[in-house]
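J.: This is what each chain is made of:
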Amino acid sequence: MYIGKVVATVVATVKHTTFDGHKLLLVEMQGLDGQPTPKYDICVDAAQAGIGDVVLVMDEGSAAKQILGQKAESGQGAVRAVIVGIVDAVQLA
Amino acid sequence: MYIGKVVATVVATVKHTTFDGHKLLLVEMQGLDGQPTPKYDICVDAAQAGIGDVVLVMDEGSAAKQILGQKAESGQGAVRAVIVGIVDAVQLA
Amino acid sequence: MYIGKVVATVVATVKHTTFDGHKLLLVEMQGLDGQPTPKYDICVDAAQAGIGDVVLVMDEGSAAKQILGQKAESGQGAVRAVIVGIVDAVQLA
Amino acid sequence: MYIGKVVATVVATVKHTTFDGHKLLLVEMQGLDGQPTPKYDICVDAAQAGIGDVVLVMDEGSAAKQILGQKAESGQGAVRAVIVGIVDAVQLA
Amino acid sequence: MYIGKVVATVVATVKHTTFDGHKLLLVEMQGLDGQPTPKYDICVDAAQAGIGDVVLVMDEGSAAKQILGQKAESGQGAVRAVIVGIVDAVQLA
Numbered sequence: 001m002y003i004g005k006v007v008a009t010v011v012a013t014v015k016h017t018t019f020d021g022h023k024l025l026l027v028e029m030q031g032l033d034g035q036p037t038p039k040y041d042i043c044v045d046a047a048q049a050g051i052g053d054v055v056l057v058m059d060e061g062s063a064a065k066q067i068l069g070q071k072a073e074s075g076q077g078a079v080r081a082v083i084v085g086i087v088d089a090v091q092l093a
Numbered sequence: 001m002y003i004g005k006v007v008a009t010v011v012a013t014v015k016h017t018t019f020d021g022h023k024l025l026l027v028e029m030q031g032l033d034g035q036p037t038p039k040y041d042i043c044v045d046a047a048q049a050g051i052g053d054v055v056l057v058m059d060e061g062s063a064a065k066q067i068l069g070q071k072a073e074s075g076q077g078a079v080r081a082v083i084v085g086i087v088d089a090v091q092l093a
Numbered sequence: 001m002y003i004g005k006v007v008a009t010v011v012a013t014v015k016h017t018t019f020d021g022h023k024l025l026l027v028e029m030q031g032l033d034g035q036p037t038p039k040y041d042i043c044v045d046a047a048q049a050g051i052g053d054v055v056l057v058m059d060e061g062s063a064a065k066q067i068l069g070q071k072a073e074s075g076q077g078a079v080r081a082v083i084v085g086i087v088d089a090v091q092l093a
Numbered sequence: 001m002y003i004g005k006v007v008a009t010v011v012a013t014v015k016h017t018t019f020d021g022h023k024l025l026l027v028e029m030q031g032l033d034g035q036p037t038p039k040y041d042i043c044v045d046a047a048q049a050g051i052g053d054v055v056l057v058m059d060e061g062s063a064a065k066q067i068l069g070q071k072a073e074s075g076q077g078a079v080r081a082v083i084v085g086i087v088d089a090v091q092l093a
Numbered sequence: 001m002y003i004g005k006v007v008a009t010v011v012a013t014v015k016h017t018t019f020d021g022h023k024l025l026l027v028e029m030q031g032l033d034g035q036p037t038p039k040y041d042i043c044v045d046a047a048q049a050g051i052g053d054v055v056l057v058m059d060e061g062s063a064a065k066q067i068l069g070q071k072a073e074s075g076q077g078a079v080r081a082v083i084v085g086i087v088d089a090v091q092l093a
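Residue numbers (this note's numbering), protein chains in the order written: chain Z, 1 to 93; chain D, 1 to 93; chain F, 1 to 93; chain Y, 1 to 93; chain E, 1 to 93.
Since the hints were made in silico from the structure, they are not lab data. There's no promise every hint is true.
Same chains, same label: a pair holds when it works inside one copy or across any pair of copies.
Computed cross-link-like contacts, DSS-like style, restricted to lysine-lysine with a CA-CA straight-line distance of at most 27 Å [what the hints assert, rightly or not]: (1) Lys23 with Lys5; (2) Lys23 with Lys39; (3) Lys5 with Lys39.
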């Protein structure tokens, strides 16, 4: 998983049922210094995140499916990256 | 998933049935600024995309298979990247 | 797997049961020279690691799930990276 | 998948049955401009490719297994990258 | 798969049974020119490799599991990278 910041909402014509009822959010990955990196993912939102939120992204397909299955009983699993939570703090000690 | 632009059609001698009836498109990945990056994937098209379209690419094997299975009942799954939709807008707020 | 150093604890609002009872630790990957690299993972801890520890990180989803399943009988598997051990030595000969 | 060029044959002492009867070829990945990149994979050949051929590489484990299973009924699947076809043309329009 | 060189043995406190009876070796990836790159993996050894050996690394989880299963009947599979063979030659023509 990595820490990222939600920077945009993606509107796309996708018909697969996995995406029904879930927002697609563009999350830019943050580096160790908390600064943005050039990497990003288009994520399915499972944490009611919004633009500007610092979030935890699960970037592995089968784990992402588990999380959506738990939350939405969709059971379809056509997903790679999911926002699993809102980051409250990163504690260095 | 990531956002990319279809830049070419790939013509190849591939005999595996997963590819029957699907175009192979070369999609260059776009960065956070909407500019092209050096990364690309040869994708199976599941969204009737054409050259010049800005598309959403699912870059994870098992998710990609789900999408093709849903659409084409091929059930074979020998695929890694699939074009799942056409991007209509990226909304920053 | 790679070798990394635990640099922070991540506090996040994540409701998925896989994470119950496990710390989320930010591990920075070390390079071949033992120096930190810009890469990191938010890992589930399965080795009682703490900040400053040099650890072995399993960065593959299905393997990570096996390790948590063995240790915690959670069986949920929504995980990508797990701290599997504490590194005692890297012997060059 | 990506496009690459076969640059060498690898001779290795590997006993796993998945590799029986298949050549191991070193394929250097090509960039969007058709030039070689520093990335490469040691691929199992499923397309009768030879040195100098421009090929399509499936770089995802479960998809690669499907292709070998279809072709060789080996059913073992210990493979990550497979040459699935010979590229005939990349058409920009 | 990629070609790498074994540069160190890793001694770590890992209790998972997948690792029982297998050495953990640090393998630095080699580039197309045969020179070392900054990338590395901590690999489970399935080829009786030693420090200095040029080896073939299977860097995909499910394939790596197959190889260990075949060799050691461990059947546990908590592994991502495995040394599958010793490279004898890379033939450019």
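J.: The structure should be examined with respect to each hint, and the outcome stated for every one.
T.: Now the hints, each set against the structure:
no. : hint             : verdict
1   : Lys23 with Lys5  : both (15 Å within a copy, 22 Å between copies)
2   : Lys23 with Lys39 : both (20 Å within a copy, 26 Å between copies)
3   : Lys5 with Lys39  : both (11 Å within a copy, 17 Å between copies)
Checked against the numbered hints above, the structure breaks none of them.
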